[in-house]
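Q: These are the residues of each chain, in order.
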Amino acid sequence: MSYEMVIGLEVHLQLATRSKIFSGSATTFGAEPNTQANAVDLAMPGMLPVLNVQAVRYAVMFGLAIDAQIGKRSVFDRKNYFYPDLPKGYQISQFAEPIVGGGRFAFNLPDGTQSEVGITRAHLEEDAGKSLHEDFHGMTGIDLNRAGTPLLEIVTEPDFRSAEQAVAFLKALHSLVTYLGISDGNMAEGSMRCDVNLSLRPKGSDTLGTRTEVKNVNSFRFVEKAIHCERVRQEDILDDGGSIVQETRLYDADRDETRSMRSKEVANDYRYFPEPDLLPVILSDADIADIVATLPELPRARRARFEEAYGLSGYDAGVLTDERAVADYFEATARASGDAKLAANWIQGDLLAALNADDKNITECPVQADQLAGLIARIKDQTISGKIAKQVFEAMWQGEGDADAIIEARGFKQVSDSGALESMVDQVVADNPDQVAQYRAADPAKRKKLSGFFVGQIMKASKGQANPKMVNDLLIARLDPDDN
Amino acid sequence: MSVSGDTIREIAQLARLAVEDDELPALTSSFNAILDLFEQLQAAPTDGVEPMANPLDASQSLREDVVTETNQREALQAVAPLTEDGLYLVPRVVD
Chain A
1 MSYEMVIGLE VHLQLATRSK IFSGSATTFG AEPNTQANAV DLAMPGMLPV
51 LNVQAVRYAV MFGLAIDAQI GKRSVFDRKN YFYPDLPKGY QISQFAEPIV
101 GGGRFAFNLP DGTQSEVGIT RAHLEEDAGK SLHEDFHGMT GIDLNRAGTP
151 LLEIVTEPDF RSAEQAVAFL KALHSLVTYL GISDGNMAEG SMRCDVNLSL
201 RPKGSDTLGT RTEVKNVNSF RFVEKAIHCE RVRQEDILDD GGSIVQETRL
251 YDADRDETRS MRSKEVANDY RYFPEPDLLP VILSDADIAD IVATLPELPR
301 ARRARFEEAY GLSGYDAGVL TDERAVADYF EATARASGDA KLAANWIQGD
351 LLAALNADDK NITECPVQAD QLAGLIARIK DQTISGKIAK QVFEAMWQGE
401 GDADAIIEAR GFKQVSDSGA LESMVDQVVA DNPDQVAQYR AADPAKRKKL
451 SGFFVGQIMK ASKGQANPKM VNDLLIARLD PDDN
Chain B
485 MSVSGDTIRE IAQLARLAVE DDELPALTSS FNAILDLFEQ LQAAPTDGVE
535 PMANPLDASQ SLREDVVTET NQREALQAVA PLTEDGLYLV PRVVD
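Heads up: the protein sequence lines correspond to chains A and B, in order.
According to the working numbering, the first sequence is numbered sequentially starting from 1.
According to the working numbering, the second sequence is numbered sequentially starting from 485.
Looking at chain A on its own, in the form it has when it is part of the complex (with noise of 0.2 Å):
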């Protein structure tokens, strides 16, 4: 049978907040266990939370640029359940109220055509902490440095018919929360996680399968894969004639599947209700307006001004605006050098390959923008071709100086010297009688294209040195005496 897929997504979000959402111990990751997690995060008597207004800023960012209701009156709860990563016995939580309400997420598949997905909610909680089963004696070992720091949870609509859409959308959404600056974005940290919702019915129906849910996954490429295999497993149930578990399951990457998490002997049961340590959250049109004020520029207006403004096509537009600080880069470099098409070619090329070679990201780049922009400016007035520019990036990498030294240096100067061009065309001349019979005799319409043996023949004389467009130009006069 034929079976169409849908998909809903719940994007944990860490907001990168410098103290935790309701105390003020640190957020720092990767810090030794257990000395980030102070009397509030332990749950000791008596601790009461107070909130982080950072966290309720990021907050009201993301749903100011995605165009959501922003919830002018926002409620905490409770969301109660046992685990001991949880000290309290329960999260703090939004439940009836949340901080966002509805609103739409336009996004660019990879082909370039646009989606939209619905936001259901977005809403502020506290992440719990970390528990270790490693082998500790049979016991396990609780790091609650993790504890209370800020999350936003960001709920989809089941919008999603495909694995490509919903990757789409994420990668859509990272850039625009590092855009915001809401968060580090880093995922192998955990600082975004994402619980896949997935169900198939057969095609044409509209009413919804029973779907499981795919928890925590962390990397784009486990999204995909874990839909992937969880789809081929629902198939191939509903195919022999069963029926699907409403159930959470756990993505294994090492095995490529989906497997139950060992099912809880009672259903889940919240029992959500209003956290009575927290008065709702009251934000006033001003506090609203002043964090408009914040807002950058967003990714897709970015894409769409870096077309216009610059003339670059849109698969250009979407590479240096997937983030912010390559599109920074970008932009100083263009103003630097004046030619935004030259700097877009060297940023997308030379640069980001280095940089994936390297393993590091733009703001680790060892050339910065107006050292990139000084070379694009002695590849225009042709002080340099580009095959020695590239040698030039390569020295800079390697931090050998700004491009007019390296230039200078390694005596990079492209020769433009006519009597010096002459006598290597001569010489070449001289050197390849036979070519030369060939070329006289040949077509003048062919001409062209045996000429690039005689300009191949100078640029390797010269170390690739020779002003190629005069070395065609003595050549021709060169070659074609009679045409003259």
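Read the hints as simulated data drawn from the structure, not as lab findings.
Take the hints with a grain of salt, since some may be wrong.
Claimed, not checked - Here are some, though not all, of the chain A residues that point toward chain B, as calculated from beta-carbon distances under 10 Å:
| id | residue |
| --- | --- |
| 1 | D41 |
| 2 | M44 |
| 3 | G46 |
| 4 | Q427 |
| 5 | A430 |
All C-beta atoms in this analysis are idealised placements derived from N, C-alpha and C, irrespective of residue type, glycine included.
Starting from the structure of chain A, add chain B where the hints point.
A: Positioned in the frame of chain A, the structure of chain B alone reads:
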């Protein structure tokens, strides 16, 4: 509305409370007495009344995003039953 002994058992389980079978009849009637009281409250007209999240007529004050806590691990772990390598140890739990 009334609840059965099974519901009491479920609620006790969710709250991690040990309830013996012979306690169930008394607990069931106590629960039902409370629910009767709420049934009376349900009769009150609440049209147009905003649900109350907190009895204080005030809104949440917020704190600046500043780290004010220092590392107190040693003091806090001194009162924990078991610790190792900086971790709190608890009976093994696996999902």
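Q: Would the hint on D41(A) be counted as holding, given a Cβ-Cβ threshold of 10 Å to chain B?
A: Since chain B brings a Cβ to about 9 Å from D41(A), closer than 10 Å, the hint holds.
Q: Next item in the hint list is A430(A). Is there a CB on chain B closer than 10 Å to its CB?
A: 76 Å, violated
Q: Against chain B, with CB atoms and a cut of 10 Å, does the hint on G46(A) hold up?
A: Hint violated; G46(A) Cβ to chain B Cβ min 14 Å, cut 10 Å.
Q: Tell me if the interface restraint on Q427(A) is satisfied: Cβ within less than 10 Å of some Cβ in chain B.
A: 71 Å, violated
Q: Would you settle whether the hint for M44(A) is holds or violated, based on the nearest Cβ-Cβ distance to chain B being less than 10 Å?
A: 8 Å, holds
Hint compliance for this structure: hints 3, 4 and 5 are not met, and every other hint is.
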